[in-house]
Amino acid sequence: MLYHEHYEPPADRWLEGEALLTNGGRDSVHKQIADTAAQPASFNYVALTANTSAASASDTTLAGEIVTGGGGLIRGQGTFAHTNGTNTSTITKTHTANGSDSLPVVVHKIGIFNASSSGTMGFETVLNADATLSASGDNLTTTDTLTAG
Amino acid sequence: MTAVQVGNAVPKMSNGSPASHIIDDPCDGTITEFSMAPYYDDAEVAELALSTNNDRVLSMVGRALATEDRRFALGVRDVEDAWWSAHSNDPPEWVQSDEDPEFARVLAEHFSSSSHQCAVGRPDGWSAYGEEGD
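Chains as they are written, first to last, in this note's numbering: chain A, 175 to 323; chain B, 769 to 902.
Don't read these hints as lab results, they were simulated from the structure. Misleading hints may appear alongside valid ones.
[As the list claims (entries may be wrong)] Computed, partial: chain B to chain A, Cβ under 8 Å:
1) 800
2) 802
3) 806
4) 816
5) 820
6) 822
7) 842
8) 849
9) 850
10) 854
[What the hints assert, rightly or not] Have a look at the derived ranges for each label pair, beta carbon to beta carbon:
11) A/231 x B/824: 32 to 38 Å
12) A/212 x B/888: 35 to 41 Å
13) B/806 x A/206: 19 to 25 Å
14) A/235 x B/811: 31 to 37 Å
Idealized CB from N, CA, C, for every residue including glycine.
Assemble the whole structure, with the sequences as input and the hints as a guide.
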């Protein structure tokens, strides 16, 4: 079994949200495990959006993804971690708003991609509490946990 | 990509319960391996993030770091977040990074306290669960 969950502790709270393995992500995982041809890239780029629509397995893009040129809230590579002998790995990303970002923004959902632009969105997660970033320097740390086995 | 190895004596599974098959094993524990994000030692972004206090945890990390180590604030924040959320129920036993020994030292200091000493460097005989020598 392979599923995905979300963890986000901004400030002093532990927040969890229900994450979704997309259809495209599922295909990529199978190819990464066993394909004899060139395998898809790893999913470790985290994107943010204020869009409030529900997550869907059929989504191939993150609606309303923040793509402000030069901004600190754009898609970026996170920190990967795995504990040997366990069934989980994590992708953690700290986004820091800067002067180029359009603020305030209320982050509602994140997507995990396998490229810095375009690529495949493997996971989509609605945060169970919105995160408001109001000023340059405000930051948001998210950890997504991937469970397999 | 900077790799960091962390000694994990009390790993946990996806449901948050202790990984008893590892903890009950005669070996010391296992190893959690991190591949750090590119910004983990970015001094400019770290100072920007530390200029506000919207994230209480990051603010505490920043206050505890020596001035010369503040560039690692976001890297420490990422490891702190991942560690407690999904990897362990106890502070790390040791930290090692061949690529960035300074970051390993900062992490070890971060996870040390009056009641727990996190060492720098992988002790002899400590291997990942399932690895030869385990």
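Hint by hint, here is what the structure shows:
no. : hint                      : result
1   : 800                       : holds (4 Å)
2   : 802                       : holds (5 Å)
3   : 806                       : holds (6 Å)
4   : 816                       : holds (5 Å)
5   : 820                       : holds (4 Å)
6   : 822                       : holds (4 Å)
7   : 842                       : holds (5 Å)
8   : 849                       : holds (5 Å)
9   : 850                       : holds (4 Å)
10  : 854                       : holds (4 Å)
11  : A/231 x B/824: 32 to 38 Å : holds (35 Å)
12  : A/212 x B/888: 35 to 41 Å : holds (39 Å)
13  : B/806 x A/206: 19 to 25 Å : holds (22 Å)
14  : A/235 x B/811: 31 to 37 Å : holds (34 Å)
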